[in-house]
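Chains A and B, in that order, give the protein sequences. Note that this note's numbering has the first sequence beginning at 1, numbered continuously upward. Note that this note's numbering has the second sequence beginning at 1, numbered continuously upward.
Treat the hints with care, as some may be off.
Said to hold, decoys possible - Covered, in the sense of this in silico footprint (three residues per stretch, anywhere, with C-beta under 8 angstroms from a C-beta of chain A), are these stretches of chain B:
no., region
1, 26–36
2, 45–59
3, 103–116
4, 140–148
5, 335–344
6, 364–374
To be verified - In silico DMTMM-like pairs for lysine to aspartate or glutamate, Cα to Cα no more than 25 angstroms straight-line:
no., chain 1, residue 1, chain 2, residue 2
7, B, K287, A, E387
8, B, K287, B, E301
9, B, K120, A, D23
Said to hold, decoys possible - Partial list, computed: chain B residues near chain A (C-beta under 8 angstroms):
no., residue
10, R20
11, N41
12, I121
13, L135
14, N331
15, S348
16, S357
17, F361
Because the hints were derived from the structure by calculation, they are not lab data. Treat the numbers as computed from the prediction; the structure is a model and nothing was measured. Ideal Cβ positions, reconstructed from N, Cα and C, are used throughout, including at glycine.
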Amino acid sequence: MSNEMIRQGHPREMTGPLKWLRDNLFNNWYNGILTVISLFFIFVVSKAGFTWIFFEASWEVIPANLNLFMTGMYPPEEKWRIWTVVYMLAFLAGISAGIWGGIILRFALISTAVSLLLAVLPFESITRLLLLGAAIFLTASLLLGRGRTGWRSVVLWGWVLSFPLTVIMLRGFGESGVLPAVMTTRWGGLLLTLILASVSIAASFPLGILLALGRRSRLPAVSWFSISYIEVVRGIPLVTILFMSQIMLPIFLPDFRIDKIIRAMIGLTLFSTAYMAENVRGGLQGVPRGQYEAAEALGLSYSLTMVLVILPQALRSVIPAIVGHFISLFKDTSLVAIIGLLDLLGIARSIIANPDWLGLQTEVYLFAAFIYFMVSYSMSRVSRRIELALGIERK
Amino acid sequence: MQTQTIPDKINFWRNVIVLRIVMQALFVIAIALVAGLLYTNMLRGLEGLGLTFNFEFLKQEAGFGIAEGIDYAPSDTYFRAFQVGALNSLKVSVLGIIFATLLGLLFGVSRLSGNWLVRKIAAFYVECFRNIPLLLQILFWYTVVILQLPPVRESITLFHNIFISQRGIYIPWLKPMPGFAQWAGYIAAGVILPVLIYILKGRKSGTKDFARFAVTWGLPVFTCLAVSGWYMSPQTPLVLEVPVLQRFNFTGGVRLSPEFSALLIGLSVYTSAFIAEVVRGGIQSVKEGQVEAAKAVGLNESQTLRLVVLPQALRVIIPPLSNQHLNLAKNSSLAIAVGFPDLFNVGSTMMNQTGQSIPVFTLIMASYLIMSIIASLFLNWYNRRVRIIEQ
Numbered sequence: 001m002s003n004e005m006i007r008q009g010h011p012r013e014m015t016g017p018l019k020w021l022r023d024n025l026f027n028n029w030y031n032g033i034l035t036v037i038s039l040f041f042i043f044v045v046s047k048a049g050f051t052w053i054f055f056e057a058s059w060e061v062i063p064a065n066l067n068l069f070m071t072g073m074y075p076p077e078e079k080w081r082i083w084t085v086v087y088m089l090a091f092l093a094g095i096s097a098g099i100w101g102g103i104i105l106r107f108a109l110i111s112t113a114v115s116l117l118l119a120v121l122p123f124e125s126i127t128r129l130l131l132l133g134a135a136i137f138l139t140a141s142l143l144l145g146r147g148r149t150g151w152r153s154v155v156l157w158g159w160v161l162s163f164p165l166t167v168i169m170l171r172g173f174g175e176s177g178v179l180p181a182v183m184t185t186r187w188g189g190l191l192l193t194l195i196l197a198s199v200s201i202a203a204s205f206p207l208g209i210l211l212a213l214g215r216r217s218r219l220p221a222v223s224w225f226s227i228s229y230i231e232v233v234r235g236i237p238l239v240t241i242l243f244m245s246q247i248m249l250p251i252f253l254p255d256f257r258i259d260k261i262i263r264a265m266i267g268l269t270l271f272s273t274a275y276m277a278e279n280v281r282g283g284l285q286g287v288p289r290g291q292y293e294a295a296e297a298l299g300l301s302y303s304l305t306m307v308l309v310i311l312p313q314a315l316r317s318v319i320p321a322i323v324g325h326f327i328s329l330f331k332d333t334s335l336v337a338i339i340g341l342l343d344l345l346g347i348a349r350s351i352i353a354n355p356d357w358l359g360l361q362t363e364v365y366l367f368a369a370f371i372y373f374m375v376s377y378s379m380s381r382v383s384r385r386i387e388l389a390l391g392i393e394r395k
Numbered sequence: 001m002q003t004q005t006i007p008d009k010i011n012f013w014r015n016v017i018v019l020r021i022v023m024q025a026l027f028v029i030a031i032a033l034v035a036g037l038l039y040t041n042m043l044r045g046l047e048g049l050g051l052t053f054n055f056e057f058l059k060q061e062a063g064f065g066i067a068e069g070i071d072y073a074p075s076d077t078y079f080r081a082f083q084v085g086a087l088n089s090l091k092v093s094v095l096g097i098i099f100a101t102l103l104g105l106l107f108g109v110s111r112l113s114g115n116w117l118v119r120k121i122a123a124f125y126v127e128c129f130r131n132i133p134l135l136l137q138i139l140f141w142y143t144v145v146i147l148q149l150p151p152v153r154e155s156i157t158l159f160h161n162i163f164i165s166q167r168g169i170y171i172p173w174l175k176p177m178p179g180f181a182q183w184a185g186y187i188a189a190g191v192i193l194p195v196l197i198y199i200l201k202g203r204k205s206g207t208k209d210f211a212r213f214a215v216t217w218g219l220p221v222f223t224c225l226a227v228s229g230w231y232m233s234p235q236t237p238l239v240l241e242v243p244v245l246q247r248f249n250f251t252g253g254v255r256l257s258p259e260f261s262a263l264l265i266g267l268s269v270y271t272s273a274f275i276a277e278v279v280r281g282g283i284q285s286v287k288e289g290q291v292e293a294a295k296a297v298g299l300n301e302s303q304t305l306r307l308v309v310l311p312q313a314l315r316v317i318i319p320p321l322s323n324q325h326l327n328l329a330k331n332s333s334l335a336i337a338v339g340f341p342d343l344f345n346v347g348s349t350m351m352n353q354t355g356q357s358i359p360v361f362t363l364i365m366a367s368y369l370i371m372s373i374i375a376s377l378f379l380n381w382y383n384r385r386v387r388i389i390e391q
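Just chain B, same shape as in the assembly (with noise of 0.2 angstroms):
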């Protein structure tokens, strides 16, 4: 019988580790022509438009009116647009995400309701929103309800004090007085103080629960400073400001403008729809036999919500539910379309007039990027967090 001899070396092209390293270098090579034939096209094509790749145009004045948003006028630089761009994306995106999710809740608790009929309705709006696009959501409240309100002078008024029409909608809306600095640095006393006792205080016993300090500590030493600050201080620091009619429009209050809420509701009741069926599912992985175990060990029906279903639902809605979050706020971009100021859209008006428009593309993908590190960062302390520990 023959025995097959084991060559004591390996033939090098038959060496997993060398043949590692040759295709990696194929690929970063292959990688590197395509990008390199991108870019020498690229400084030829903006060599005929006469343009060279940098910055530098960020700090020369953007000459164009931007309808809302920080304080801004037409003669300030390119990056300051930029900035209110970003920041009326920001203004969208939070308020978006806040309704979005507890409209979400609503409509997802109640698709799981005992009532049939408030299933079967909630299911009807779920499915109505989640299958019809985004932007014809948009635009129908933007042509079809927004533009079509009674003009000013015949606003529909809902509670005495929020004014709806053509224009927009006017709410009543806190307003600063001078006193109001002096009890700002109340109110971060108010927060930084726990805070310190808390962490001198969690050297000393190795305490970690910080939930129940801010219940038992945080909220009572919080609520004592901003009190007494608001009784110390000279005048009023706050005022509620009601929007009042006057000539040709509303004054006092804020404004939301109907681009600002046509793509406000939009977002929202799109991406609600979404949550709800995040928020459903969450609350079905809960396996029925724990609810039994609750009730079984004595638990009434909102310990068992808040100590056994919450708990092991949260796990399940929460990543999706930061997605639909991170979703909105990339929809946001959408904006364009009723021409609300925001990042995207101010950084397209950047492009149009500088022509620059790889640097603008470099800065909108930059800002969408940091967005969603952020909220993927987020993501990732939270499933640590609360990871089922196995034993």
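So that you can see chain A by itself, here it is in the shape it has in the complex (with noise of 0.2 angstroms):
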């Protein structure tokens, strides 16, 4: 048999594009009504989209507030605090990127990215060489700790270390002096959001662990105190959380007076805890009973067996969702707007409010909703790298 016949006998046979159109879109005849329908919407609404971003909106409104949207009322010349914390987290990831590698490494590629990316926006030149230099910065410190595992532990206590000097940084101390303080009142837009979900998780780990290990308790009075707390949270609205905090704090301590956005991180952590201590419960029923009995055969005690044996393996199992309780977290701590702060989102209604931008909330919502998506789309994918390498099946 020549080629000539075999050609012959199966003249319809398609490849490349074509193959591919015919199998993903053209299938059968309902699939090609739906393709013609799905391009001609695609059209519609991307024609209309185009034309309004490049023609019709009007973008001045974003540089001219840039600065609020991502510091709120930071006064100009303590910017320098912030890029220090920045420098010194990027220095951290790098470090901890070179050594770990792994997702690690794939999240300071994508911070690297990030921050590239924003150098792209209309920032005053300055801030764009900062951002510039910080990813360099990124990128040489990875280089630095490749290889160096002997270096793991002073970089954990690093990253530990890290909560309270930012928080020193921002918040510094005093009057006068090289950190004056800088009232939390003027913390505002993406710096406080990124701050509140941070503190708030932070916070909440540890109490979330402890709530997860009294919900599973054998002692009755515990556990009941762990269900009843976790389960009248996860039944209320944050709102409602957020508003008792900031009115009922004040009646409860009637002889401190706490701050605004401490409320807030208060009442975000009671919030966060109960979330947290599901997560955990769901890591600790993930492991093997055979784990505790060998524990005790060993003659462990309870503390010990849930420091050595029963944690890791339980926390090591709910990363993935504790990087998506923090997607949403930070999400939520939006709602911190109606309490009057001033994130990312008070922000821009308060922008939108101002005389001078009249008739842009279109334009303010949408470079908002941008940051919001930004943040939370690049750690969603991350998390799902997390599982990947965890080999945890989503349930």
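With the hints as a guide, bring both chains together as one complex.
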């Protein structure tokens, strides 16, 4: 049989893009119709969108208020403190990426890409240079950290210490000196959003572990307390908790003057703890019974069993759930705008209310939405990677 | 060789039973101390404000207006105002749950479509609405979309009967006529009668298949009674009322206020993105072998879906789905951002007026908790029902 004949035997064999088109878009009559409708829909929407974005929208409101969006009313002459914190975190992230590789490396690369991307935004040129510098700094510390497994514990301590350091750097103390106090009322924008989210996650993590252990405790008083706390908090909306922390904390603790942002942090932490506890409980339930029995057989006490055997396994498996929780908490911090804080959304609302920028609500809200989307979406990609790396099935 | 002697009595400070009691007592005392401290602080704080902790104020006249909801006047009591808020919350939650579920089903199934373009559009929808805070979305719908609509006189008309403008959405609605009460009686009979038959018959024959009974007995009986009731009543019991533009505004039909519409759209769209993921996960959880096996025994496509895929997928879908429904109901408290008078918004007005923050918070919390308890009771019942009985 010659080649000619084989070709005649399969005259309609298609390859390449045409085959792909037929398999994915036109494999039967209703998919064909759906494709045409979808194409029409995409055309209409993107045409309207592009016309609006490039010809009708007045984007000058964004560069004019970019500082507000990012840091709120943080005094410009103290901006260097925020940059110090950014560089410190970039250094830690770079070193850790170099040491551990894997997901952290990917995360570091994403951060580099984000800061390069941000450098394209219409900031002042000094800000752009600093962003570019941060990206280079991160890459440099990544190269520095490669293969230095001996530094692991030092770097971990660095992360732990970075937290109070950040707070001290941003908050400052005293009237004058190197670090004059910047009242929390001046914190705002994306900075405040990120601080609220990370503080409440960091604070709710140990509390959540305690509550999760309490819920599984064999002491009825402890488990009842934990169950009722978790279920009550999960049963009521976050706005209620935020309002309660604003109104009730001064009633319950009349001897302390707690400022608004701290009250919001307390509210967010109380809220987040209950969800964190449920996440951790999921991990605890996944640890096989044999592990408990083995620890008991070795004669470990309850606390040693938990710290050395159970929690390391349980926490490892709930990392994706915790990242997911961080994403939703990051979005939920926007509710503090209702109680009058100037986080990213609060700033957006105050700019809209400013008579100088009347009628530009679409541009302002879309910009805020874009920032929220970028942070939240990139984190969810990272979380998916972690899941794959840990080999955890998505439930 | 020495043998270790086992003490026949354990020292009491090493006895597990004693330890457990002591530990719990300590825990309870610690909690009680903290609670007591907070309580005395609270009493002191309230004294400073000249308030006492009770619910008496609920009987007082509210004195503030509520824009929408069941019949209410500012001269009604605070309790009545709270009821209005609670029913408004319920209304937006129930409608939101229906729309979110439908949209979520649509996009969840689309994400598994054989059509590449449809799949990508659904993925874009899900990622877009899932990653932007709900509050921002609600504010966007309210200030950017609904408040920018044309004024009443230039309303957008859909299907000749739906009018969309700045003042809200006007839709045709069924208006009960004088004969309605009589017809409602027939409808009630149409529901009660089959249930009675089911109970009586079920006791005799031991049949338990309610779904099948509802189709073979319930539906015909109900339709017969409903139709005959409709024609028996002296006047047509329900009339479809279409909104008509008067001098300044529409009359007739039902008006969905801008606040309500923005909240409803925001809640439905946001939650539907999550429901789409739940649905996709549920359908994907059914192993391919199940579908192949169904084909092998000769089931056609719809039978495969109805008898094999859905029952297994639902088992995975329902728990997270009802969780999303609960989230939607809780998120309806964001109404306060656009000024829709829901439970929480009315509650916070009450707090501002009376200063009774603690009783009002108690009421609000109790309302939300009752809702979640009902939801979790339903879920437990469902989980028990669909549990795989292993042999």
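Any hints this thing doesn't respect? Which numbers, in order?
none
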